[in-house]
Amino acid sequence: MDLASIIGIVSGIGFICVTILLGSGMGLFWNLPSVMIVVGGTIAATMIAYPLSDFLSIVKVTMKVFLFKIEKTEDIIANLVEISNKARKGGLLSIESDIANTPDAYLAKALQMTVDGVKTGDIAAIMQKKMALIKKEHKTGYSLYSSMGSFAPAFGMVGTLIGLVQMLANLDDPSTIGPKMAVAMITTFYGSVMANLFFIPMATKLEGRSAEEITNMTIIYEGVVSIREGEHPRLMEDKLNVYLGAGAKPKEE
Amino acid sequence: MDLASIIGIVSGIGFICVTILLGSGMGLFWNLPSVMIVVGGTIAATMIAYPLSDFLSIVKVTMKVFLFKIEKTEDIIANLVEISNKARKGGLLSIESDIANTPDAYLAKALQMTVDGVKTGDIAAIMQKKMALIKKEHKTGYSLYSSMGSFAPAFGMVGTLIGLVQMLANLDDPSTIGPKMAVAMITTFYGSVMANLFFIPMATKLEGRSAEEITNMTIIYEGVVSIREGEHPRLMEDKLNVYLGAGAKPKEE
Amino acid sequence: MDLASIIGIVSGIGFICVTILLGSGMGLFWNLPSVMIVVGGTIAATMIAYPLSDFLSIVKVTMKVFLFKIEKTEDIIANLVEISNKARKGGLLSIESDIANTPDAYLAKALQMTVDGVKTGDIAAIMQKKMALIKKEHKTGYSLYSSMGSFAPAFGMVGTLIGLVQMLANLDDPSTIGPKMAVAMITTFYGSVMANLFFIPMATKLEGRSAEEITNMTIIYEGVVSIREGEHPRLMEDKLNVYLGAGAKPKEE
Amino acid sequence: MDLASIIGIVSGIGFICVTILLGSGMGLFWNLPSVMIVVGGTIAATMIAYPLSDFLSIVKVTMKVFLFKIEKTEDIIANLVEISNKARKGGLLSIESDIANTPDAYLAKALQMTVDGVKTGDIAAIMQKKMALIKKEHKTGYSLYSSMGSFAPAFGMVGTLIGLVQMLANLDDPSTIGPKMAVAMITTFYGSVMANLFFIPMATKLEGRSAEEITNMTIIYEGVVSIREGEHPRLMEDKLNVYLGAGAKPKEE
Amino acid sequence: MDLASIIGIVSGIGFICVTILLGSGMGLFWNLPSVMIVVGGTIAATMIAYPLSDFLSIVKVTMKVFLFKIEKTEDIIANLVEISNKARKGGLLSIESDIANTPDAYLAKALQMTVDGVKTGDIAAIMQKKMALIKKEHKTGYSLYSSMGSFAPAFGMVGTLIGLVQMLANLDDPSTIGPKMAVAMITTFYGSVMANLFFIPMATKLEGRSAEEITNMTIIYEGVVSIREGEHPRLMEDKLNVYLGAGAKPKEE
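Residue numbers (UniProt numbering), protein chains in the order written: chain P, 1 to 253; chain E, 1 to 253; chain A, 1 to 253; chain B, 1 to 253; chain F, 1 to 253.
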């Protein structure tokens with residue numbers, strides 16, 4: 001569960017509501033046509049911009065931000081070192097039994113190829129291509145949010161323009177000018193809040209998540225290549241530990 | 001037929017119309033000079049910015065978005081594996097009969113060179129250059145839309161400035177100020193809607209389409225090189241299957 | 001003669017004029033101080049931003065857009081194939097007579113080096129450096145226009161600010177407020193039209209032109225290297241034909 | 001202690017305060033709801049955009065700007081030359097005693113590997129990966145500030161929109177329009193000052209700091225590789241001195 | 001002396017002054033608090049963004065734009081060809097006497113290493129690193145101006161917001177609204193002029209200057225490597241002449 005995102009969204013909406021309530025009731029900021037033009041316009045533009053399958057994947061992608069659970073880098077390295085030790089002692093074939101227990105599909109596939117005696121170069125090529133593909137899939141996810149982050153304010157402005165034009169065309173009753181203009185501006189408000197409290201931060205978080213996953217895949221990639229090449233487990237551990245970062249194990253370096 | 005684009009455009013226009021109709025009639029948002037300056041100005045600027053042939057290709061490029069039909073990655077791989085098997089059994093010459101039946105010009109040309117005994121390096125060089133050229137042609141397509149997406153709001157603003165200047169120069173009759181300003185703002189509205197509901201999303205979709213086509217060409221490229229080199233069909237399949245992605249065949253990995 | 005650019009500029013100005021005339025006379029949109037601050041400011045800023053020689057080259061660069069005449073890719077390839085055939089039959093020295101008739105300085109220089117027996121690596125190095133230099137010169141051209149495209153609206157706004165400050169400081173006679181503000185806004189109008197109808201599209205076109213010229217130079221480069229290496233003319237033609245693109249010779253691929 | 005940053009922040013706030021005081025009291029520019037929406041919204045959006053650990057590191061990262069103390073490039077080079085001389089005379093093992101005294105963890109680890117007889121290629125790989133990781137950690141720091149620099153003005157505008165809508169909905173008492181609008185604009189003021197006097201400059205400084213640290217790590221990297229390879233200390237010094245820059249030792253070059 | 005920059009600044013200020021004088025006196029556009037907030041705020045933000053030493057170097061960097069004097073490319077090549085000829089006839093040691101007369105530190109250092117018999121690879125490595133460092137120093141210079149070009153309009157807006165808030169809070173006397181608002185807008189005017197007539201063009205010019213210097217350093221680099229390798233002076237001249245460009249020696253190519 002990604003606590004930061006949930007705290008962020010809840011507190012963000014909270015700050016906006018409190019700010020509103022200090023000056024007026026909430027009702028002033030609810031306007032159905034405004035919601036319709038911003039949400040509808042953003043969705044429509046996004047559907048034109050992306051294939052249907054990518055667009056529909058946004059629910060899955062969003063869930064991922066909140067339910068995201070990534071294996072710890074330490075555990076991945078420990079697991080690879082263990083496999084490496086086993087392979088060193090019992091030969092590459094001895095790790096076959098571990099494959100079934102490996103929950104990570106990327107690692108399982110790589111180990112299977114290792115056991116099958118596929119050449120290091122071919123294993124590396126397949127693993128790297130797989131990584132590149134996952135990276136591209138992630139990119140679709142965050143560029144989708146990023147596009148929505150630029151469409152939302154644009155349709156907010158479109159809605160405000162509609163409201164202003166309608167108000168300006170009928171200035172007969174001066175007492176209605178203020179409220180009408182207020183309603184017109186709410187659409188810009190919606191677009192801006194949606195973009196800055198949801199779409200843009202989500203795009204940034206997804207990009208960060210992608211980097212973390214790719215780092216883990218890189219560790220697995222280097223580990224399996226090292227195992228396939230019969231490198232000493234200790235040297236492999238030394239090389240992979242670099243990925244733990246200054247924060248994770250400051251005493252080690 | 002690209003359903004998402006059609007749903008997007010129809011629903012986008014729908015949302016805007018409904019939003020307008022909730023506040024006034026549609027007539028308020030129709031103004032011929034505004035259409036003229038935005039559409040005319042955008043077309044004029046685009047003609048200056050691109051060669052005539054590129055500019056005229058926009059109809060073809062647009063059709064492509066709506067009629068786009070790309071061969072499935074699975075089918076391409078299956079086809080390549082089949083050819084590879086045939087070549088393995090009957091020799092490279094045995095695939096000559098397939099070339100005539102290959103609808104894809106890129107694959108046909110590559111296979112022809114393979115049958116003709118052109119060296120792998122030369123085949124690879126020609127295929128890669130071809131890919132780079134197609135990529136460049138695609139780029140012209142989406143940068144054209146992208147340019148229009150930035151010209152449209154600019155000419156929207158130019159039109160609004162013209163309207164405002166004309167209104168400000170004649171403030172004699174206060175009752176006409178509102179309607180005149182309304183008309184002036186419609187031009188900005190046109191530019192913004194055209195850019196955000198059409199030009200910018202179309203540019204994004206074309207870029208995505210291009211990536212898909214290039215991926216397919218890359219698969220064909222790798223497949224033909226593999227066939228030319230006499231690699232085992234099973235290994236080739238393993239390598240190409242990576243391109244199917246997590247979504248397409250989750251059970252496989 | 002680049003028809004698209006001329007049609008674009010003429011029709012763009014036409015659309016703006018017609019839009020203006022539908023609402024008022026043209027005289028309303030003529031204001032000398034506004035022209036002065038936008039044109040003068042843009043030129044001044046450009047002179048600070050670029051060396052004098054680059055700035056003065058803008059006339060030449062602009063002429064190039066309108067008088068641009070590039071050799072057809074087909075003709076370049078046909079010519080190279082012919083030379084290749086000649087060299088194959090009569091030896092490298094036999095092409096010396098063609099050099100004097102070669103109008104293209106880049107090709108002539110490359111052939112001269114070939115005849116002189118300069119090593120392939122040295123010819124390639126010199127030709128590539130030459131290409132990089134031409135690319136850089138082109139870049140100066142379009143970045144100059146691009147800079148002007150961002151300075152013009154900025155000085156448009158500066159002019160509008162001047163007008164507004166002067167108007168606001170003297171609000172004594174309310175009847176002059178409108179006309180004064182109209183005049184102030186004309187400066188923004190000038191900056192925006194100049195940028196979007198001239199500077200920005202010209203920068204885009206020059207960038208496209210540069211790409212075309214560089215493609216032709218690349219073809220010549222690859223052709224001469226192929227001739228120098230004694231590659232078979234037929235293979236060379238196959239390789240160079242890739243540059244013709246899908247549009248030029250669809251039947252061939 | 002980073003004097004420039006402290007002078008910058010203090011004088012920046014000073015200039016703003018003096019400008020305000022020349023026109024009114026400070027009280028006019030204090031509004032709690034405005035502070036809440038800008039600060040709160042920016043923090044909320046940043047928490048959604050980054051993992052909790054990264055977000056919490058901002059205090060540490062900020063301290064770093066003010067307390068930043070980097071080892072002088074000259075001292076690093078002198079130290080490496082000394083170690084190189086020692087290793088040349090007494091062999092690689094003779095430098096083991098220095099490792100305990102090396103405060104820099106990166107250098108210590110590298111020397112330890114050298115003494116342990118790890119192959120140059122492996123040392124280089126580990127050191128480069130370490131550098132890449134540190135670079136990524138730094139990047140998180142300055143992209144965090146950079147994101148806050150774009151969220152702050154956005155929430156400033158959101159707050160202003162809230163204020164304007166509330167004001168426009170209640171235009172009954174004309175005498176309150178001015179003050180209410182003043183309050184609404186203060187939120188934009190807060191967002192703009194926070195972004196331009198704090199977040200954006202801090203992001204730039206952190207990026208610069210990162211470059212300095214990476215340069216020092218590069219020097220250590222090259223030095224240790226040179227020592228491991230047994231290169232002459234004098235040549236190593238020549239190579240590393242290049243990093244001192246024109247400003248630091250103009251007479252030397 | 002860089003004439004273009006001086007003409008640009010003088011004429012730019014001239015155009016602005018004349019435009020102002022056509023509408024009012026200059027006094028209307030002088031306001032000390034506005035100057036203070038724009039200049040002060042820009043300086044403060046720049047001090048936070050850059051180390052003190054970089055910030056203080058701005059005077060030197062600015063002088064460089066106006067006093068800039070770069071050695072002609074033709075002279076550099078002629079000089080290198082002469083040295084190459086000497087080295088060819090009298091051996092590498094014969095050029096030692098020239099080193100003392102070489103005003104260019106970069107060339108002198110490179111020749112000294114050549115005479116000292118340093119290996120080509122090491123000379124190349126040192127020269128390239130030196131070039132990369134100079135490039136980085138130049139980059140600091142123009143990114144400093146570029147940052148100021150974005151801070152100035154931002155603080156212009158901050159100042160305008162201050163003025164507007166103060167005006168809106170005291171609308172008692174309608175006759176002062178105009179003048180007060182005029183004063184508020186002057187700050188935006190200052191920020192915009194400073195950015196577009198000074199900071200941004202200066203950043204562009206410095207970037208161009210950097211490219212020119214780096215080109216000259218590249219020529220020296222290639223020349224010295226050619227001399228060290230004992231390449232024929234004529235071939236070296238051919239290779240270096242490419243850098244002269246189409247404009248400099250059109251007849252040659």
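Careful: at least some of the hints might be erroneous.
You can't tell identical chains apart in this list, so a pair holds if it fits in one copy or across any two.
Said to hold, decoys possible - DSSO-like, lysine-lysine: derived pairs with alpha carbons at most 27 Å apart:
no.	residue 1	residue 2
1	K129	K72
2	K89	K136
3	K86	K139
4	K136	K72
5	K72	K60
If you're looking for bench data, these hints aren't it; they were derived computationally from the structure.
Please flag the earlier hints that this structure goes against, numbers listed from lowest up.
2 and 3
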